[in-house]
Amino acid sequence: MALLRFTSLRVLRCLLTLWFAVSVTFFVVRLLPGDPALAIASPTMDEAQRQQILADFGLDRPLAVQYVTYLGELLQGNLGVSFRQSVPVSEVLLERLPWTLILTGSALLLTLVIGLPLGVLAATHRGGALDRVIQVGGVVGQSLFVPTVGIALLYTFGLWLGWFPIGGAIDDDVYGLEAYASIARHLVLPCLSLVVLQIGAYVLTLRTNLIDALGEEYCTVARAKGAPERRVVWKHALRNALLPTTTLVGLQLGLLVGGAVLTETIFAYPGVGRAIYESVGQLDFPVLQGAFVLLAAAVVVANLLTDIAYGLLDPRVRAA
Amino acid sequence: MSTSRGFGRRVALGAALVLALAACVPSEPDESSDGASGDASEGGDGGGELSIGTTADVVNFNPLVGNSRTDSWVTNLMYPAMMTIDDEGTKVPALATEWGYGEDGLSAWIELRDDMQWSDGEPLTAEDVVFTIDAIKAEQLGTVSGMIGAYESAVAASDTRIEFTLSRPDGAFLNSIGFWMPIVPEHVFGQAPTVADFANDSDWVSAGPFVLTTVERGQRYVLEAVDGYPLGEDDSGPALDRVVFRVYPDVNTEVLALRSGEIDLIGNALPPSVARDVSGDDELQTFSVPSLGWAHMQYNMRRPPLDQVEVRQALAHAVDYEAIREVVLGGNAVSSNSSVLTPTFAQWVDDTAEEYTYDPDLSRDLLAQAGVENLELEMIYDAGDPNISSWAELVRDQAAEAGITITLAGLERNTYLARTNDRDFDIYAGSWAIIDEPQSNFHLLFAPDGFINYAGVNDPEIDRLMVEASTALTVEDARGPLQELARIVTEQVYDNVMYVEQFTFAASNEWTGFQPKPSELLSVVNPQSLASVRAAD
Numbered sequence: 001m002a003l004l005r006f007t008s009l010r011v012l013r014c015l016l017t018l019w020f021a022v023s024v025t026f027f028v029v030r031l032l033p034g035d036p037a038l039a040i041a042s043p044t045m046d047e048a049q050r051q052q053i054l055a056d057f058g059l060d061r062p063l064a065v066q067y068v069t070y071l072g073e074l075l076q077g078n079l080g081v082s083f084r085q086s087v088p089v090s091e092v093l094l095e096r097l098p099w100t101l102i103l104t105g106s107a108l109l110l111t112l113v114i115g116l117p118l119g120v121l122a123a124t125h126r127g128g129a130l131d132r133v134i135q136v137g138g139v140v141g142q143s144l145f146v147p148t149v150g151i152a153l154l155y156t157f158g159l160w161l162g163w164f165p166i167g168g169a170i171d172d173d174v175y176g177l178e179a180y181a182s183i184a185r186h187l188v189l190p191c192l193s194l195v196v197l198q199i200g201a202y203v204l205t206l207r208t209n210l211i212d213a214l215g216e217e218y219c220t221v222a223r224a225k226g227a228p229e230r231r232v233v234w235k236h237a238l239r240n241a242l243l244p245t246t247t248l249v250g251l252q253l254g255l256l257v258g259g260a261v262l263t264e265t266i267f268a269y270p271g272v273g274r275a276i277y278e279s280v281g282q283l284d285f286p287v288l289q290g291a292f293v294l295l296a297a298a299v300v301v302a303n304l305l306t307d308i309a310y311g312l313l314d315p316r317v318r319a320a
Numbered sequence: 001m002s003t004s005r006g007f008g009r010r011v012a013l014g015a016a017l018v019l020a021l022a023a024c025v026p027s028e029p030d031e032s033s034d035g036a037s038g039d040a041s042e043g044g045d046g047g048g049e050l051s052i053g054t055t056a057d058v059v060n061f062n063p064l065v066g067n068s069r070t071d072s073w074v075t076n077l078m079y080p081a082m083m084t085i086d087d088e089g090t091k092v093p094a095l096a097t098e099w100g101y102g103e104d105g106l107s108a109w110i111e112l113r114d115d116m117q118w119s120d121g122e123p124l125t126a127e128d129v130v131f132t133i134d135a136i137k138a139e140q141l142g143t144v145s146g147m148i149g150a151y152e153s154a155v156a157a158s159d160t161r162i163e164f165t166l167s168r169p170d171g172a173f174l175n176s177i178g179f180w181m182p183i184v185p186e187h188v189f190g191q192a193p194t195v196a197d198f199a200n201d202s203d204w205v206s207a208g209p210f211v212l213t214t215v216e217r218g219q220r221y222v223l224e225a226v227d228g229y230p231l232g233e234d235d236s237g238p239a240l241d242r243v244v245f246r247v248y249p250d251v252n253t254e255v256l257a258l259r260s261g262e263i264d265l266i267g268n269a270l271p272p273s274v275a276r277d278v279s280g281d282d283e284l285q286t287f288s289v290p291s292l293g294w295a296h297m298q299y300n301m302r303r304p305p306l307d308q309v310e311v312r313q314a315l316a317h318a319v320d321y322e323a324i325r326e327v328v329l330g331g332n333a334v335s336s337n338s339s340v341l342t343p344t345f346a347q348w349v350d351d352t353a354e355e356y357t358y359d360p361d362l363s364r365d366l367l368a369q370a371g372v373e374n375l376e377l378e379m380i381y382d383a384g385d386p387n388i389s390s391w392a393e394l395v396r397d398q399a400a401e402a403g404i405t406i407t408l409a410g411l412e413r414n415t416y417l418a419r420t421n422d423r424d425f426d427i428y429a430g431s432w433a434i435i436d437e438p439q440s441n442f443h444l445l446f447a448p449d450g451f452i453n454y455a456g457v458n459d460p461e462i463d464r465l466m467v468e469a470s471t472a473l474t475v476e477d478a479r480g481p482l483q484e485l486a487r488i489v490t491e492q493v494y495d496n497v498m499y500v501e502q503f504t505f506a507a508s509n510e511w512t513g514f515q516p517k518p519s520e521l522l523s524v525v526n527p528q529s530l531a532s533v534r535a536a537d
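Keeping their order, the protein sequence lines are chains V and H.
First residue of the first sequence? That's 1 in the UniProt record's numbering, and the numbers climb one at a time after it.
First residue of the second sequence? That's 1 in the UniProt record's numbering, and the numbers climb one at a time after it.
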């Protein structure tokens with residue numbers, strides 16, 4: 001019963017978050033300067049034709065009517081039809097979503113795999129040269145701008161060394177294992193770009209928390225009992241220090257998805273982020289709205305699933 | 001506790017990654033369904049693959065609806081135009097062989113080649129042309145619908161001859177539909193309830209040198225060669241096996257891709273600074289083609305004191321045009337002698353036209369004559385245009401020499417379009433991409449109700465000359481009124497034409513046979529060019 005209540009509340013919270021995201025997106029895209037009919041119109045079209053374009057898009061109706069219509073369609077799973085491509089938005093986005101999942105998923109995985117050991121190294125060598133190097137690296141990584149990193153990687157590894165492709169996500173005519181290898185090769189630079197920008201937050205957070213944990217009494221007790229320092233760090237201190245890091249994953253997920261817009265654009269990676277970039281220029285409201293809803297839903301659902309799993313595994317959470 | 005939560009996330013993350021990968025890995029091709037329609041006899045004879053960089057996806061595969069540059073590059077390779085354009089800006093035969101008007105100008109005819117067919121084996125006939133123009137008229141489709149105001153009806157007099165009935169004489173009618181109207185297959189497009197809503201996003205049928213077979217949005221568009229296209233260097237079809245358009249975020253990334261060998265040709269024109277850099281690369285070749293439009297400034301005559309011709313002339317004489325062409329454009333631009341009849345179109349050029357001289361003293365005198373002091377104006381332009389963003393600063397600094405204060409407003413493109421459309425500016429800086437038929441296009445520019453009459457021109461003499469020019473059925477008859485009109489535009493500074501850009505395109509030296517044509521729209525990716533490309537020896 002507690003689990004049902006817990007799950008219901010979480011689902012309700014997610015629905016409210018999604019509604020908020022949908023509403024904000026709907027109004028924000030309409031605040032964009034310009035007029036979709038102008039973005040599409042050619043000089044030889046007359047005023048009547050341009051008005052017809054607006055009418056075809058439903059943009060001649062009052063904003064409130066457009067909003068209610070949009071919500072109604074959304075509840076039926078209809079994201080609308082792209083202004084520019086005349087195909088369903090769901091089709092446009094589903095074609096691109098897997099690439100964004102691969103990029104953001106592997107960037108997150110790689111960040112954790114590299115970032116956590118680095119954080120431990122920095123904390124266990126507190127004040128030493130290694131700690132300083134890791135800290136400076138982390139701060140620099142956080143301060144960098146996505147295009148700066150992206151262009152530097154493209155020039156170095158794409159053009160000069162020629163190790164990785166300049167753009168795209170997969171080569172032509174590759175199948176099976178060859179296709180996986182091609183995807184991995186195209187993934188390296190955009191993924192690395194996201195890892196460089198994110199990893200600092202994980203390393204520095206874990207370092208601080210681990211240093212705090214290592215000073216706690218339970219670690220002193222463990223040491224007094226004769227536990228080797230390695231065991232104290234990995235078995236006792238790290239588990240507690242990881243708590244805030246886990247929270248950070250949830251917080252960073254939104255930033256990661258946001259970073260994907262720029263990264264995908266720079267590396268010509270065909271994901272949802274790039275669709276957003278293109279749609280802004282074209283004032284393609286349905287695709288913009290659909291992409292934002294999809295990304296918001298992905299973040300919300302990922303958090304919901306882990307919350308539910310967490311609730312299943314830990315009764316104290318359900319009670320709370 | 002944290003471990004279990006983290007484990008859950010990792011499992012979810014791993015599962016999402018595996019699912020995403022599975023969705024992205026292509027399955028082995030099935031010989032029985034290659035995406036192309038019917039039994040297209042595949043062309044290319046081991047000629048290889050030409051990769052072309054573009055900065056945008058195809059947004060619409062229906063050539064009667066789509067109007068973006070990449071849309072046109074791809075669909076032009078499948079849906080032939082009846083005419084193309086030569087180096088002197090003259091319309092020349094493509095699908096059509098001959099054309100003409102009846103004596104009263106109320107009828108016209110076009111004769112087609114008899115050796116063109118669709119890739120599914122159906123012949124391309126006059127019926128396809130009639131279907132196309134009727135669909136455009138009935139459904140008011142795209143750019144061409146604005147060009148066929150005089151069109152009433154058409155009949156296919158034979159498989160190769162179309163006869164048109166016009167409501168009034170229109171000397172630009174045939175050239176406009178010949179160049180701008182892609183012919184679509186009636187047996188395919190006619191199956192859709194409405195042509196406007198026909199997405200044409202699979203099972204493509206082509207009468208061009210290539211047919212689209214694979215679309216991966218955001219990545220690539222693959223077109224396979226089709227045998228029998230007669231308009232390339234070899235009339236048996238293209239030498240290439242296939243052409244692939246690859247999507248990159250911008251020209252700079254395209255240049256990286258070209259230099260790394262990832263692509264063979266950049267479809268987009270290179271900015272002058274990049275063009276200079278690329279032209280020194282031994283492994284690349286460059287092509288220069290003229291624009292079919294011009295770069296210009298327009299002064300909003302609805303706003304005093306810009307309604308005074310002396311003020312507009314003062315502004316025109318406060319700019320060093322040659323410096324802009326040499327410094328900002330790096331010499332990749334030519335003077336149009338301040339005339340809207342640019343040197344790209346040899347048949348219209350007025351040899352007596354002269355460019356406004358750069359003379360700040362004259363500007364001051366003209367302002368004094370107009371009784372205007374401390375002139376302060378705002379100039380809007382698209383901040384995303386690297387050329388205009390650069391020369392706008394020169395214009396501001398040079399105008400200051402003449403005592404005119406210009407405030408620059410570089411705007412995001414959609415804002416710029418909106419303000420231009422609302423006529424909310426003092427000075428507008430921009431460029432026309434293609435003004436290829438002055439007989440009809442000038443109406444858009446200078447008629448009181450013209451859609452792109454940004455300056456607010458309302459001149460009865462201009463209106464009279466436009467009617468005279470548009471009803472003239474020969475170049476000789478239209479030239480006089482057009483040149484007179486252009487002289488008035490220059491004198492009155494209705495449009496301050498600054499230069500005609502010479503676009504530079506770059507390709508790998510590994511290919512030869514390109515046939516460049518004017519404009520970024522045609523450039524080296526026009527159907528005749530790509531049908532003629534082959535590997536260099």
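No lab work stands behind these hints: they were computed from the structure.
Backbone N, C-alpha and C fix where the C-beta goes; we use that ideal spot for every residue, glycine too.
Among the hints, erroneous ones may be present.
Claimed, not checked - Computed list of chain H residues with no C-beta within reach of chain V, every gap over 12 Å:
#, residue
1, D71
2, T97
3, S260
4, G403
Claimed, not checked - Pairwise CB distance ranges, derived in the manner of DEER restraints:
#, chain 1, residue 1, chain 2, residue 2, range
5, V, D56, H, S389, 25 to 35 Å
6, H, D203, V, L121, 52 to 62 Å
7, H, D250, V, G72, 23 to 33 Å
8, H, G384, V, V11, 36 to 46 Å
9, H, R303, V, G72, 51 to 61 Å
10, V, R223, H, D250, 35 to 45 Å
11, H, P93, V, G254, 57 to 67 Å
Against the structure, the hints come out as follows:
no.: 1; hint: D71; verdict: violated (10 Å)
no.: 2; hint: T97; verdict: holds (26 Å)
no.: 3; hint: S260; verdict: violated (5 Å)
no.: 4; hint: G403; verdict: holds (33 Å)
no.: 5; hint: V/D56 <-> H/S389: 25 to 35 Å; verdict: holds (34 Å)
no.: 6; hint: H/D203 <-> V/L121: 52 to 62 Å; verdict: holds (58 Å)
no.: 7; hint: H/D250 <-> V/G72: 23 to 33 Å; verdict: violated (39 Å)
no.: 8; hint: H/G384 <-> V/V11: 36 to 46 Å; verdict: holds (44 Å)
no.: 9; hint: H/R303 <-> V/G72: 51 to 61 Å; verdict: violated (45 Å)
no.: 10; hint: V/R223 <-> H/D250: 35 to 45 Å; verdict: violated (57 Å)
no.: 11; hint: H/P93 <-> V/G254: 57 to 67 Å; verdict: holds (58 Å)
Violation of the numbered hints given earlier is confined to hints 1, 3, 7, 9 and 10; the remaining hints are satisfied by the structure.
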